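Residue strings, one per chain:
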Amino acid sequence: MEHISFLVAVVIITALAFDFTNGFHDTANAAATAIATGALRPKVAVTIAAVLNFAGAFLSVKVATTISGGIVNEKAGVHPEIIFAALAGAILWNLLTWLRGLPSSSSHALYGGLIGATIVGVGMNGVNFDTVVTKIIIPAVASPFVAGLAAWGATKLAYAITRKGDDAATEKGFKTGQIFSSSLISLAHGTNDAQKTMGIITLTLVSVGALPHGALPPTWVIVSAGAAIALGTYMGGWRIIRSMGKGLADIRPPQGFASESAAATVILTSSHMGFGLSTTQVCSGGIMGAGLGGPKGELRWSLVRRMVYTWGLTLPAAALVSGGAALLAEQGTWGIVLVGVALVSGSGAMWLISRRQPVGADNVNDVTPVEVAPTVTANVPTPASTTVAA
Amino acid sequence: MHIKWNALAQTAGFSFGITVAVVAVFALGILALSRREASLSAAREGSGAPAAGGAKLALAGAYVCFAACAATVGYGLMLIAGK
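Those sequence lines, one after another, are chains B and R. For the first sequence, position 284 matches number 284 in the numbering used here, and the numbering has no gaps at all. Here the numbering used here = 1-based position in the second sequence + 1000.
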């Protein structure tokens, strides 16, 4: 039993680590457009986002019970090794996409990881493919379009209505509105994504019999999941903030407000209906719609293409990595240790590479795209005091 | 496999409707505020009481718009927190 409880502790810590990467990967969702339009200063934006992510974790546990009881068949014999492997794959994929400044879905990385590890560890019958299609894949494909369309319509209307007003007053008004709309996204994000970690931890505890089947997450799980995601959010995924805020389109305050409102509405409506969709894809979709609906009607399609490829790749890639990790972790303690070592060294390596071209609060609004060059390029002078990019 | 097209369509429809409505009402509020500024400066330039009255009306309109937006957000949060 001692071996198992040690493993469970490792899984819980890894789950919280995933939650942390989820936080900084997704800071951009709420903060990117607010920072890009100047509605909020970068540091202020991430602080508000962090606080509201934490608060959001307490709003609901509906999605938490969907994840732990839905995608993976708990009764088929899912055990902590599998969950550990799933998290390892999800964390590595999250870090890789962050390094490249691409807003991929943390949720899909997690789902992919779970699916891959379960197929290897339990077999095909461990995964409820019906649930995967109805609750993940279909909403994932539909939600960016819905958010994009809503943001597009809202942007058109916002410009039409305020056309006769004073330009400066309009900009100021929408900037104020953005503070609220971006806050709402953070809250919704906390509700949605912190619940996924709660679901994972709960699933682990259920798998070792510490909790009965179908149990709700205990309070300490809710608190620690909320804290991990808030801390990650506060670190700020500046590379992704730059791509989303400055890379996709030139976003003005009315567009920022429209895209954030669309994203917040889609996320809240879906989580009300119990669909665990990707906040990232919804927010990106909203920004794309707002970019197209704006006065210029422009979008940088090359980045859009890269994002969409990454979205499609996220689930299978995480599944593949996690499947491999599960294969190792199933071999016994040495396998688990090996996966742990690979996870830590892989994460460390990616962090080191990111240092070559740091993006932080100070240079987040520069338009230079994040490209990890093989050679050290110092086109962005960064004072040593501001190397807080994460 | 049972796909809940109804639930999906509902989610999509609601999301679109609510977004467009909230943003439109918010934009109207901003327009009202900007009208108020215009009326106020007209009043300062001496066109007198009617302009000042217009400013008050515009401000009231803006408040109604922003309150409607806030109420929608509040209702949405209530639905989520009620679970």
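Each hint should be verified, as a subset may be incorrect.
[Said to hold, decoys possible] Pairs of lysine-lysine, BS3-like flavour, derived with a Cα cap of 27 Å:
hint	chain 1	residue 1	chain 2	residue 2
1	B	296	B	164
2	B	175	R	1056
3	B	296	B	175
4	R	1004	B	164
5	B	172	B	43
6	B	296	B	172
7	R	1056	B	172
Quick caveat, the hints were computed from the structure, so don't treat them as lab data. Predicted model, so just to flag it, every value in this text is computed and none were measured.
Now the hints, each set against the structure:
With a C-alpha separation of about 18 Å, the suggested pair residue 296 of chain B and residue 164 of chain B falls inside the 27 Å cut-off, and the hint holds. Between residue 175 of chain B and residue 1056 of chain R the alpha-carbon distance is near 23 Å, which keeps this suggested pair within the 27 Å criterion. As the CA atoms of residue 296 of chain B and residue 175 of chain B are separated by approximately 19 Å, the hinted pair is consistent with the 27 Å bound. Proximity of residue 1004 of chain R to residue 164 of chain B is assessed by CA-CA distance (about 44 Å); at most 27 Å being required, the pair is judged violated.
Taking the CA atoms of residue 172 of chain B and residue 43 of chain B, the gap is near 20 Å; set against the 27 Å cutoff, the hint holds. Annotation: proposed proximity of residue 296 of chain B to residue 172 of chain B holds, straight-line Cα distance about 20 Å (limit 27 Å). Taking the CA atoms of residue 1056 of chain R and residue 172 of chain B, the gap is about 20 Å. The hint holds against a cut of 27 Å.
Going down the numbered hints, you'll see the structure goes against just number 4.
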